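Q: One-letter residues, chain by chain:
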Amino acid sequence: MAKISLIVNGNPVTGNVDPRTLLVQFLRENLRLTGTHVGCDTSQCGACVVHLDGKAVKSCTTLAVMADGHEVKTIEGLAADGAPLHPMQEAFREHHGLQCGFCTPGMIMTAIDIVHRKGHELDDHTIREELEGNLCRCTGYQNIVASIAAGAKAMAKSDLA
Amino acid sequence: MYEFKYHRPGTVRQAANLLVKNEDAKLVAGGHTLIPVMKQRLASPPHLVDLSHIEGLNTIEMKGRSLVIGATAKHAEVATSAIVGEAIPALANLASQIGDPAVRHKGTIGGSLANNDPTADYPAAVLALGATIVTNKRRLKAEEYFQGLFTTALEADEIITKVMFPLPKKAAYIKFRNQASRYALVGVFVARRPSDVRVAVTGAGSDGVFRVEAFEEALKKRFASKVLDGIEVPAEGLNSDIHGSAEYRAHLIGVLTRRALDAANAKE
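So the protein sequences, as listed, match chains A and B.
What the first sequence shows, in the numbering used here, is residues 1 to 161, in sequence order.
What the second sequence shows, in the numbering used here, is residues 1 to 268, in sequence order.
Keep in mind that a hint or two might mislead.
To give an idea of the chain A side of the interface with chain B (calculated C-beta under 10 Å), a few residues [said to hold, decoys possible]:
| id | residue |
| --- | --- |
| 1 | 22 |
| 2 | 43 |
| 3 | 44 |
| 4 | 57 |
| 5 | 58 |
| 6 | 65 |
| 7 | 68 |
| 8 | 106 |
| 9 | 110 |
| 10 | 114 |
| 11 | 117 |
| 12 | 130 |
| 13 | 132 |
| 14 | 133 |
Please keep in mind that the hints were generated in silico from the structure rather than gathered at the bench.
Bear in mind the structure is a predicted one, so any value in this text is a computation, not a measurement.
Ideal placement from N, C-alpha and C gives every residue a C-beta, glycine not left out.
Construct the complete structure from the given sequences, taking the supplied hints into account.
A: Structural data, given as structure tokens:
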């Protein structure tokens with residue numbers, strides 16, 4: 001077993017994990033943060049995307065021990081319980097950017113990463129290119145793209161990063 | 001995934017010692033090749049040595065007339081580095097096409113080269129640009145480094161520390177992607193170097209990355225797609241699978257080489 005300590009959604013957490021534990025397993029099973037999903041489990045679909053030190057990564061292809069000493073943000077960390085949603089979450093709600101919702105946490109974490117890297121004015125082409133590591137099997141992407149464009153703009157006016 | 005012991009060395013020397021001490025230990029940095037393979041139980045190293053916390057191993061800098069990229073530099077760092085963009089834009093462009101954004105935040109140049117996947121992108125750049133692979137023990141020329149499918153000249157306790165790219169006069173990389181995996185069905189890197197011209201192909205060869213000497217010979221006279229008229233790439237020795245036949249890949253090599261030449265020449 002390996003002792004790890006990291007910051008998750010702003011809070012210091014510790015764990016005693018088997019080194020083969022994936023970051024997504026640690027988040028879901030040890031910390032009970034079940035918003036991060038396992039879709040394909042082969043780093044293709046993006047349902048497991050979280051931010052590691054502020055950058056979008058696939059938590060199904062990251063070992064929990066490798067995140068020791070680092071900072072992780074999950075979908076649960078975007079807005080406090082009971083507080084208004086993060087502008088990107090709100091944009092997905094407003095623009096019907098989801099149907100079954102399974103891919104949504106990964107979509108939103110990726111979307112916020114896109115805004116961090118590419119700014120608040122995103123054209124459709126950029127969004128579609130940047131979403132190549134996130135698969136949705138319901139929506140056909142149209143409303144996801146619309147949500148991200150709107151969410152990116154809304155983030156410019158928000159205190160939530 | 002089978003059980004393993006995890007090690008996090010602080011220096012390359014410590015990492016090398018761990019490799020000597022622990023038989024069948026594997027290095028991991030981004031983990032985007034090794035972890036999937038371990039999940040499928042195709043690899044089961046008893047020890048993992050994590051290079052990702054060794055300081056200074058991801059430095060990107062110019063040294064004389066060479067671009068030097070540290071082994072743990074991530075694809076996203078190479079893709080967005082102003083130094084790479086200035087020195088060898090074709091290399092930054094190549095890195096920007098690997099996997100997807102989240103993969104590029106983790107995967108490293110050293111990992112890609114150590115694995116030498118026959119469909120990986122970096123091997124084409126390293127071979128075409130005539131780069132030197134620097135390890136904790138020695139310097140390896142690209143030609144001696146790549147030794148076939150998933151096979152390199154690296155010894156069991158040898159660690160890539162950096163890759164030195166001599167600056168080309170012109171270069172470009174064009175990749176025809178497998179839409180699902182984003183790996184290269186065929187990728188062609190052309191480089192006009194001060195002394196010669198190189199055309200390196202990834203994705204197509206059943207023995208990994210290779211050079212197309214017939215093209216190189218013709219391009220020495222003039223670095224333009226027109227001189228390739230009438231030169232065919234034989235399908236012999238190329239991969240044939242559900243994604244494309246050997247003949248199709250041979251055809252793609254010709255098409256992509258021409259596109260790469262046009263792209264390299266357009267940058268003037």
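Q: Determine for every hint whether it applies to the structure shown.
A: Consistency of the hints with the structure:
1. 22: holds (8 Å)
2. 43: holds (6 Å)
3. 44: Holds. Min distance 8 Å.
4. 57: Cβ of residue 57 of chain A sits 5 Å from chain B, so the hint holds.
5. 58: At 5 Å from the nearest chain B Cβ, residue 58 of chain A passes the 10 Å test, so the hint holds.
6. 65: Hint holds; residue 65 of chain A Cβ to chain B Cβ min 5 Å, cut 10 Å.
7. 68: Holds - the Cβ of residue 68 of chain A comes within 10 Å of chain B, reaching about 8 Å at its closest.
8. 106: holds (9 Å)
9. 110: Since chain B brings a Cβ to about 7 Å from residue 110 of chain A, closer than 10 Å, the hint holds.
10. 114: holds (8 Å)
11. 117: Cβ of residue 117 of chain A sits 8 Å from chain B, so the hint holds.
12. 130: This interface hint holds because 6 Å falls under the 10 Å limit.
13. 132: holds (5 Å)
14. 133: Given a least distance of 3 Å, the restraint on residue 133 of chain A holds.
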